[in-house]
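> Chains as they are written, first to last, in the numbering used here: chain A, 1 to 153; chain B, 1001 to 1376; chain C, 2001 to 2282.
Any given hint might turn out to be false.
Each computed DSSO-like pair below joins lysine-lysine, with the alpha-carbon atoms no more than 27 Å apart [stated by the list, open to error]: (1) B:Lys1321 with C:Lys2199; (2) C:Lys2279 with B:Lys1251; (3) C:Lys2263 with B:Lys1084; (4) C:Lys2263 with B:Lys1246; (5) A:Lys115 with A:Lys93; (6) C:Lys2199 with A:Lys42; (7) A:Lys128 with C:Lys2263; (8) A:Lys93 with C:Lys2199; (9) B:Lys1065 with B:Lys1111.
One side only, chain C facing chain A, incomplete, derived with CB under 8 Å [stated by the list, open to error]: (10) Val2082; (11) Gly2123; (12) Gly2124; (13) Glu2158; (14) Leu2185; (15) Gly2192; (16) Val2193; (17) Thr2196; (18) Phe2198; (19) Lys2199; (20) Pro2215; (21) Phe2221.
Bear in mind the hints are in silico, worked out from the structure with no lab data behind them.
If you're wondering where the values come from, they're calculated on a predicted model, not measured in any experiment.
For every residue, glycine included, the Cβ atom is placed at its ideal position computed from N, Cα and C.
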Amino acid sequence: METLERIIAEHPFFHGLDKDFIALMVSCASNVRFEAGTYILKEGDPANTFYLIREGKVAVEVFAPQHKPIIVATLSVGEILGWSWLLPPFQWKFHARAVDDVRAIALDGKCLRTKCEENHDLGYEVLKRFVQIMEQRLEATRLQLIDVYAVKR
Amino acid sequence: MAHRSEHVLGVDQLGKLIGVLARKGYEVIGPTVRDGAIVYDHVESAEDLPAGWTDEQEPGRYRLKRREDMALFGYAVGPQSWKKYMHPAEVRLWSAERQGGTFRILNNEVKPQRPHALLGARACELAAIAVQDRVLLEDKYRDPIYDQRREGAFIIAVQCTQAAATCFCASMGTGPQVSGGFDLVLTELIGPEGHRFLVATGSDRGVEVLTELEAVPATEEDRQQAEAGVEAARQQVRSIDTTGIKELLYKNFEHPRWDNVASRCLTCANCTMVCPTCFCTSVEDVTDITGDHAERWRRWDSCFTQSFSYIHGGSVRTSAKARYRQWMTHKLASWIDQFGSSGCVGCGRCITWCPVGIDITEEVGAIRDGGKDGNP
Amino acid sequence: MIMATGITTDPMLPQPYSVRDVAKETPDTFTLRLEPEIAVNRSSFQPGQFSMLWVFGVGELPISISGDPALQDRLVYTVRSVGQATHALVNRRVGEGVGVRGPFGTGWPAEAARGRDVIVVAGGIGLAPLRPLIYQVLQNRDDYGRLLILYGARSPRELLYRKELAAWARNRETQVLVTVDYGGLGWRGHVGVVTTLFKYARLQPAPAVAMVCGPEIMMRFVTRELENQGLSRDNIYVSMERNMKCAVGFCGHCQYGPHFICKDGPVFRYEQIRNLLEKYEL
């Protein structure tokens, strides 16, 4: 548990969070591993966890019947995977697949969201951090949407 | 001025001046009446000059009118500038022929040119020539075509003694007084003393030419009459307030007035064609029907065309708003950063020859007044 | 035209070169190696400069030089077939002629970057004008600090110089990060816009010089991110593109605010043009 505590306390995502909240996070955390090629989460499944990636690369994928799956983003060391646990209906909207062997810290979202409801100070701290990630991903998505490298004809 | 001593020439000496210049090898270009306008063209004798004509100019309007006297230079400016002689509207840069899979360049030398004598250059036009010199001769590269024509040119400036309603050189600091850049400068004087010209020289070449004419020393009266003439030309109805104009236009890249002017502008490019400082050209290749001969031509082009800013995928300036803004902002603002002076000399041609009468002085005024609706 | 520096070849006159090799990079992008037909012509250039390439009977257009500046017996260009003239260029066969004018314009600040870390950020075909600079840095490895290459393309099959990217990464003190906007299942690299790569970059902003080339939108968000990363605007350089006809500052087509891109650019210090980049239809 000591290593987990140190990793969480030193991770930029949790930076500035007070000691009690860090302790709470640590109590919801566990080490996990995924072999290359396995799915970490699948579209439609209940979303009760999020991951702090410590090693390896994760591909976020979408698929449609007539298409091969498309990787829309990859996440790697230091990044956070998953925010669907925060909002109803608590279901994953995309697939996430381990591209390489992935080591991560899993955080129990179900437990955390209950705590956030009970303590809005904690809720605000958590939300503030996730909003930042959402903002970055939204910007990246918009830029992908523009398809800047395409030849206009 | 370097050569201040002034003389007087009788009107009969004008023809002689043309003759002397022709004998010295110049092709004399001067004002002449054609198609209802005063244009610059080859003049053979003083008979070709627009004796007794003047011009009436308003936004989108130009008319020749009879004068009460027989002044030879009793007009302001016509549609053309000397640009058409110094920076020709089209010129072949080279030709080439196909040789197997490759090519050989032919005829790339600058064609020898009989030097021009420009008779009747106004102060604003001399300022315009100086502006084009800066662009085409004084930057990283020199344009050999312009260089050759410019180098050989003999310039006879003529002071304005009246302004058209579209003139605003006084506010641009380029006129009406000619203050340099000429070989000879004339001021036309008509009165009880007769029809004559006050003449001063601006170069050794000018002195040489003058010695071949019958000039008499100028009197104080001649000088006073000449000064009064230039003073009369200083009375101009239009002006641009150039105070902080660069910052004004940079800061107003977004201004409702641009939409307003775009609703009137036809993007016809007339303003750029008549502008004596606009220098843009396109470079075009033409190939004959056999496909074995190619020529590269340089032609006047205009930032008002859509194709001007084309890069793969589309044009950068698609709207009329962007194109008018580009022209005016370059002319009056970024030109200063780029070449160290305004690109506008206040000749008023863009106002007169705009088919819908867009008036650059009014557009600047509207932006300066900061009206939110962009209405005049 | 006589250049002020005393070089007397007429910059308006195409010099005859022949195609020695055409290599396919992506489905629509090819690298052409040209050698002068007149052997005395040596082709020296600064990384970042461009030439005007002319195909007889078709037309002429500006193309950045993408080859090694140390090899002066050739000129190398990477051309994407997007229109008539580029189509004709990439379809030239070995032995056929191409007219070359130039090189023109400003280069990347290879000298100013000596002793400092170099950050190269490229998008799409924008890697081509940066490749000569990468060669120069790698050939003079001791003169520079760390080399960081961030490269984004539309999809894996649209990546240029894939083998070279891998080879560059094997140099010491060199990090190469590649991403694509859309990845298929076979793609094991990053997916996301090029700015997302900064998270994985080992970056020391203070002594670094950044050089950016790609579509204008991409350069806008990259320069913003470089500033976020702590680089000053003075140490960021971008390469611009506009219509060009003459390449010597006479034709006016590449007017960009108070600059001619052909002569004052294509490489600009970001600080010089920052205010212009944000303006629509300038």
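> Are C:Lys2263 and B:Lys1084 close enough, with their CA atoms no more than 27 Å apart?
Holds, because 25 Å separates the two Cα atoms, which is no more than 27 Å.
> Does the interface hint hold: is C:Gly2124 within less than 8 Å of chain A, judged Cβ to Cβ?
4 Å, holds
> Under 8 Å is the threshold here; is the Cβ of C:Phe2198 close enough to any Cβ of chain A for the hint to stand?
Interface hint status for C:Phe2198: violated (11 Å vs cutoff 8 Å).
> Hold the hint about C:Val2193 up to the distance rule: shortest CB distance to chain A must be less than 8 Å.
Constraint on C:Val2193 satisfied, holds at 4 Å.
> Hint validation: C:Thr2196 versus chain A, beta carbon distance must be below 8 Å. Holds or violated?
OK, holds: C:Thr2196 within 8 Å of chain A, min 6 Å.
> Double-check C:Lys2199 for me: the hint is only fine if its C-beta lies closer than 8 Å to a C-beta in chain A.
With Cβ-Cβ at 7 Å, under 8 Å, it holds.
> Go through the hint on C:Gly2192 and say holds or violated, using the shortest Cβ distance to chain A against 8 Å.
At 5 Å from the nearest chain A Cβ, C:Gly2192 passes the 8 Å test, so the hint holds.
> Does C:Val2082 pass the interface hint, meaning its C-beta sits closer than 8 Å to a C-beta of chain A?
5 Å, holds
> Is it true that the CA of A:Lys93 sits at most 27 Å from the CA of C:Lys2199?
Distance of about 24 Å is within 27 Å: holds.
> Per the CB criterion, is C:Pro2215 less than 8 Å away from chain A?
With a closest approach of 4 Å, the C:Pro2215 hint holds.
> Taking only the CA atoms, is the gap from C:Lys2263 to B:Lys1246 under or equal to 27 Å?
At roughly 22 Å apart (the allowed maximum being 27 Å), B:Lys1246 and C:Lys2263 satisfy the hint.
> Tell me if the straight-line CA distance from B:Lys1321 to C:Lys2199 falls inside 27 Å.
Given that 27 Å is the threshold and the Cα spacing comes to 41 Å, the pair is violated.
Comparing the model with each numbered hint stated earlier shows that hints 1, 7, 9, 18 do not hold.
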